[in-house]
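Start from the sequences and build out the full structure, keeping to the hints where you can.
Heads up: the protein sequence lines correspond to chains A and B, in order.
Using our numbering, the first residue of the first sequence is number 105, and each one after it goes up by one.
Using our numbering, the first residue of the second sequence is number 105, and each one after it goes up by one.
Calculated from the structure, these hints are not laboratory results.
Heads up, a few of these hints could be off.
Since copy identity is lost for identical chains, a pair holds within one copy or between any two.
Stated by the list, open to error - List of simulated lysine to aspartate or glutamate pairs, EDC-like, C-alpha gap at most 16 Å:
(1) K108 with E127
(2) K108 with E212
(3) K108 with E123
(4) K108 with E207
(5) K108 with E206
(6) K108 with E216
Every value quoted in this text rests on a predicted model; they were computed, and no experiment measured them.
There are 2 protein chains.
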Amino acid sequence: MVEKVVNMAHGGGGSRMLELLEEVVFPALGGGTPLEAEDAAALSLPEMEAGGKIAYTTDSFVVKPMIFPGGDIGKLAVCGTVNDLSMRGARPLYLTVGLILEEGLPLETLREALASLGRWAAEAGVAVVAGDTKVVERGAADGMYINTSGIGVIPAGREVSISGARPGDVLLLSGCVGDHETAVLSRREGLDFRVEVESDCAPLNGLVEAMLEAGGVHAMRDPTRGGLAASLKEMATASGVALEVSEGDVPVRDGVRAFCELLGLDPFLLANEGKLLAAVAEEAAPAVLAAMRAHPLGAEAAAVGRVAEGRAGEVSLLTPLGSHRLLRMPSGEHFPRIC
Amino acid sequence: MVEKVVNMAHGGGGSRMLELLEEVVFPALGGGTPLEAEDAAALSLPEMEAGGKIAYTTDSFVVKPMIFPGGDIGKLAVCGTVNDLSMRGARPLYLTVGLILEEGLPLETLREALASLGRWAAEAGVAVVAGDTKVVERGAADGMYINTSGIGVIPAGREVSISGARPGDVLLLSGCVGDHETAVLSRREGLDFRVEVESDCAPLNGLVEAMLEAGGVHAMRDPTRGGLAASLKEMATASGVALEVSEGDVPVRDGVRAFCELLGLDPFLLANEGKLLAAVAEEAAPAVLAAMRAHPLGAEAAAVGRVAEGRAGEVSLLTPLGSHRLLRMPSGEHFPRIC
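Okay, structure coming up:
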């Protein structure tokens with residue numbers, strides 16, 4: 105890397121973040137790139153029965169503002185971690201919560217965030233089992249940051265991994281992209297928009313169970329920071345395959361499209377917090393898509409493309425005009441602190 | 105609580121923090137007080153063999169300065185979580201690392217912290233298996249905060265809990281108290297001390313294994329925020345027993361004593377990051393103490409008191425002058441951000 109200090113793009117979920125991870129973080133932690141290629145680690149424990157594994161992950165939440173249409177930092181802290189576990193085919197069970205509070209934070213704000221966190225943990229069927237609270241001086245944090253980590257159990261025989269997409273698979277997307285980032289930015293100080301878009305923030309474990317019961321799911325990813333574009337590139341790279349996506353088949357809400365046109369943004373790059381992309385065996389795809397559409401969080405699910413032989417890591421977009429363009433890994437981010 | 109905003113004392117590990125947890129945090133998360141009475145949660149997993157449990161915990165690190173004599177934020181992030189797992193009798197296995205970085209943080213500082221984190225994870229025999237990186241704007245964090253969560257396995261039959269102390273038990277302390285907080289404060293901007301005390305920051309899992317092999321260990325706690333005083337009060341309260349401690353038997357380094365005298369502090373209230381307090385069956389105490397002294401991290405271990413019938417939660421100190429005084433739960437903290 106050419107720079108000598110951390111900058112905002114290092115947190116954006118794109119190629120600049122990958123650079124930071126690969127050049128600074130992974131080498132130090134001895135994990136090599138596998139450390140974060142997956143949404144959650146799949147681990148064996150000495151005393152677990154043969155075949156069973158746990159999934160384990162962590163996420164910090166620094167979203168600004170802390171309350172936005174359709175969600176808040178507490179809900180996000182549950183969904184982000186539950187969803188990362190779900191992307192490994194795990195059944196989420198337990199969460200930890202680490203609070204970093206700024207001196208002067210209204211207790212009422214803390215109460216509301218935690219009430220939401222507790223409510224959504226119950227909704228997702230996970231128990232908060234351990235926590236930690238730190239307070240830093242006024243000016244040393246922006247109100248409140250929340251870290252959650254989570255554990256789930258991966259039943260024996262389930263093999264879902266970002267590296268599992270195979271040529272011939274169908275790409276399914278669970279719904280419209282861009283809602284979360286649009287909703288957060290619409291309430292950002294200094295950005296005076298009043299688009300009527302709510303965040304899609306939701307725990308995906310129920311939807312994932314329904315999909316896995318239908319069978320044939322090889323790979324999943326929830327397109328958070330870096331958006332659908334980053335998830336497609338990551339899946340193509342990790343699985344060593346090419347992806348072909350039909351841009352016109354990716355559902356985008358009118359409000360999100362208008363917001364993007366106004367600001368010159370691309371909905372494919374916007375963060376989501378309740379969506380998933382899946383690579384599914386061709387013969388299983390109709391049943392999985394039907395299972396998704398039967399679930400409230402997958403009502404707008406669509407087949408958006410397929411996995412091809414082609415060059416590993418290449419994502420090709422068929423535009424509505426019939427031309428092809430290659431998708432690039434987003435480099436930084438549009439706006440910081442959207443999760 | 106009378107106040108309406110978070111203040112520094114809410115993060116101090118004393119009674120003010122307990123108030124925040126009991127009145128604001130626990131009710132929202134549905135955990136009741138057991139949530140944080142223990143250093144780590146002990147959990148059953150659906151597919152684990154009968155009797156085996158996992159321990160699970162989290163901790164955030166906001167220490168200032170990030171490098172201090174005997175340690176740094178990366179080492180602390182490993183030791184804090186490894187030690188919390190160890191206090192449940194667990195063998196620590198896996199860590200997650202959540203980074204919150206401030207824009208402008210020198211990459212060299214990040215590299216050093218992570219190199220230390222990686223080195224100490226290896227030293228403690230734990231693997232970093234998942235991570236997350238967020239970047240916040242200049243002024244929205246103080247350089248870097250690190251959250252770690254950790255998982256360990258509690259072998260079947262091991263029952264170590266803060267609520268396990270029984271009348272007749274001997275209280276063993278693994279070494280001198282106050283080193284960590286003294287070392288950190290000695291390098292705090294604005295406090296111009298040059299005491300020659302190093303932090304005791306160290307992973308205690310090896311020491312704990314040696315103690316548990318000797319047998320008879322009922323309860324353990326590492327006296328971090330709130331110091332030995334908070335750990336004694338917490339053990340007395342959680343176990344429903346009274347504790348009698350001989351003040352003169354608690355080892356305190358000269359440098360720490362001098363530092364405390366200068367600032368009017370009490371070494372019993374200073375944070376440690378590589379010490380433990382244990383309640384051990386009387387007949388097993390000599391063997392456990394010998395095992396501790398045979399370990400590099402327990403060379404200065406001492407018997408410091410005993411568990412009595414008496415009033416639940418009461419901690420009585422026998423002063424060097426022969427008088428008794430009741431120990432009170434520290435209310436806030438001396439200085440913030442010592443871990």
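Each hint, compared with the structure:
With identical chains, the CA atoms of K108 and E127 are at most 16 Å apart within one copy only, with a shortest distance of 12 Å there and 44 Å across copies. Proximity of K108 to E212 under the C-alpha cut-off of 16 Å is restricted to the inter-copy arrangement: shortest distance 7 Å between copies versus 40 Å within a copy. In this homomeric assembly, K108 and E123 come within 16 Å of each other (Cα to Cα) only inside a single copy, at 13 Å, whereas the closest approach across copies is 43 Å. In this homomeric assembly, K108 and E207 come within 16 Å of each other (Cα to Cα) only across copies, at 11 Å, whereas the closest approach inside a single copy is 31 Å.
In the homo-oligomer, the alpha carbons of K108 and E206 lie at most 16 Å apart only across protomers (13 Å), although the nearest pairing inside one protomer, at 28 Å, exceeds that limit. In the homo-oligomer, the alpha carbons of K108 and E216 lie at most 16 Å apart only across protomers (13 Å), although the nearest pairing inside one protomer, at 39 Å, exceeds that limit.
This entry satisfies every hint, going by the numbered hints stated previously.
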